[in-house]
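Please put together the full structure from these sequences, using the hints given.
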Amino acid sequence: MDKDSEQALINQSAKGDAIAFRRLVEDSQNFALSIAYKFLNNMADAEDIVQEAYIRVWKNLHRYDHDFRFKTWLGKIITNLCLDTKKSSYRKMLINPVDVTTTQSASDANETGRQLEHEELKEIIHKLAASLTEKQRAVFILRDLQQLEPDEVCTILAMSAGNLKSNLYYARMKMKNLLEEYYNEKKRLSMDPTH
Amino acid sequence: MNCNHYHNLMYLKAELSEQDLLSLQQHLATCTSCTQLASEVRLFQERMNSIASQEVKPTNAAAFTASIMAAVQAQKSGTTIHVQVMNWLQKNILRYSLATVSLFQIIFFSIEFQNTRNHATGLDFPQSNAEVILDSEMIHDNPAERKQHTSGFAACKTPFMERLAYLECLKSKYSSTSL
Numbered sequence: 313m314d315k316d317s318e319q320a321l322i323n324q325s326a327k328g329d330a331i332a333f334r335r336l337v338e339d340s341q342n343f344a345l346s347i348a349y350k351f352l353n354n355m356a357d358a359e360d361i362v363q364e365a366y367i368r369v370w371k372n373l374h375r376y377d378h379d380f381r382f383k384t385w386l387g388k389i390i391t392n393l394c395l396d397t398k399k400s401s402y403r404k405m406l407i408n409p410v411d412v413t414t415t416q417s418a419s420d421a422n423e424t425g426r427q428l429e430h431e432e433l434k435e436i437i438h439k440l441a442a443s444l445t446e447k448q449r450a451v452f453i454l455r456d457l458q459q460l461e462p463d464e465v466c467t468i469l470a471m472s473a474g475n476l477k478s479n480l481y482y483a484r485m486k487m488k489n490l491l492e493e494y495y496n497e498k499k500r501l502s503m504d505p506t507h
Numbered sequence: 227m228n229c230n231h232y233h234n235l236m237y238l239k240a241e242l243s244e245q246d247l248l249s250l251q252q253h254l255a256t257c258t259s260c261t262q263l264a265s266e267v268r269l270f271q272e273r274m275n276s277i278a279s280q281e282v283k284p285t286n287a288a289a290f291t292a293s294i295m296a297a298v299q300a301q302k303s304g305t306t307i308h309v310q311v312m313n314w315l316q317k318n319i320l321r322y323s324l325a326t327v328s329l330f331q332i333i334f335f336s337i338e339f340q341n342t343r344n345h346a347t348g349l350d351f352p353q354s355n356a357e358v359i360l361d362s363e364m365i366h367d368n369p370a371e372r373k374q375h376t377s378g379f380a381a382c383k384t385p386f387m388e389r390l391a392y393l394e395c396l397k398s399k400y401s402s403t404s405l
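Protein sequence lines correspond, in order, to chains A and B. Counting the first sequence from 1 gives a position; my numbering is that position plus 312. Counting the second sequence from 1 gives a position; my numbering is that position plus 226.
Hints were generated in silico from the structure; no laboratory data involved. Keep in mind that the hints are not guaranteed to be accurate.
Said to hold, decoys possible - If you want a taste of the chain A side facing chain B, the calculated C-beta under 7 angstroms gives, among others:
#1 V337
#2 L345
#3 Q363
#4 R375
#5 L395
#6 T397
#7 R484
Note that this is a predicted model, so its numbers are computed, not measured. Backbone N, C-alpha and C fix where the C-beta goes; we use that ideal spot for every residue, glycine too.
Listed below in structure tokens is the structure:
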């Protein structure tokens with residue numbers, strides 16, 4: 313959807329036009345769900361967050377800043393909701409760090425980290441991200457897992473370009489090291505005959 | 227520049243300016259240890275890209291849209307009623323303020339009228355302390371006599387009548403009933 317059509321739909325929606333709002337929802341719901349899912353790693357929770365986000369959008373359409381794209385604004389609302397939702401669950405994950413033996417299936421006991429199933433990798437990344445700070449986690453998910461442009465991430469997180477790079481550097485470095493530790497431990501366990 | 231500077235750049239390869247990217251490439255061409263790290267970082271980024279490339283869609287897009295719209299419509303109806311009430315009040319604030327004052331006056335006069343009528347018919351007997359004392363003074367604290375004359379005195383009870391005027395009225399009624 314081009315920017316002019318988007319602005320027209322936003323203006324109509326702000327006047328109470330539900331049909332125009334429905335078109336905005338249809339155009340952006342996959343993007344919204346993808347961000348929420350990358351944060352929460354659970355489809356049901358992600359759907360709840362997206363629904364809540366659209367209710368907030370509807371209520372605050374009169375405050376919409378036309379300098380930003382609709383999806384950037386929506387992404388900001390979803391990110392804030394996800395960060396609030398995940399605070400407690402990330403704390404739980406930090407208390408119970410990743411257990412290599414529980415994420416390892418019998419069939420792939422001899423596989424290296426590179427050969428991990430996609431779903432398993434996703435699960436591990438989600439758990440390892442719990443050890444990042446909130447800002448590092450947010451930039452990592454939005455930039456690396458959702459692949460938003462740097463300026464979009466800066467707008468969503470109200471962050472300078474320098475701050476973004478700094479958080480991204482530490483997030484990537486920590487995640488890479490944690491992932492390597494995980495793979496090494498998995499490899500060691502697969503070679504250990506007692507396991 | 228030492229290797230640490232290039233280590234930082236390796237993790238931000240996608241965000242580098244052309245100048246920094248060229249500088250990094252030139253360094254990697256000559257540094258074996260940095261090439262090893264660059265390879266590890268690239269492998270890590272490829273794994274992240276594989277997660278990013280996963281398409282996330284609702285199981286049933288139409289049903290998902292419908293559930294969002296239902297939640298929004300529920301908010302909309304509440305919001306619309308609220309907004310309509312507020313707009314209506316704002317537009318007619320003077321008119322409805324005056325109407326409210328008038329309504330209160332009508333209610334007040336109705337109550338007073340009802341009290342007066344009840345008093346006149348002897349239905350309303352609880353009198354204020356001042357009235358009881360006044361009546362007692364007039365009829366020498368004789369309850370039987372007081373009850374007999376109450377209906378006659380009730381005519382004196384009208385809204386806004388001052389106590390002195392009420393006293394004069396009672397006196398005149400007392401005189402007329404005594405005669």
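Hints, one by one, checked against the model:
1. V337: With a minimum Cβ separation of about 5 angstroms from chain B (threshold 7 angstroms), the hint on V337 of chain A holds.
2. L345: The hint holds - L345 of chain A has a Cβ within 7 angstroms of chain B, the shortest such distance being about 6 angstroms.
3. Q363: 5 angstroms, holds
4. R375: R375 of chain A check fails; min Cβ-Cβ to chain B is 14 angstroms, beyond 7 angstroms.
5. L395: 18 angstroms, violated
6. T397: Hint on T397 of chain A: violated, closest Cβ of chain B at ~17 angstroms, above 7 angstroms.
7. R484: 5 angstroms, holds
Hints 4, 5 and 6 from the earlier list are contradicted by this structure; the remaining hints agree with it.
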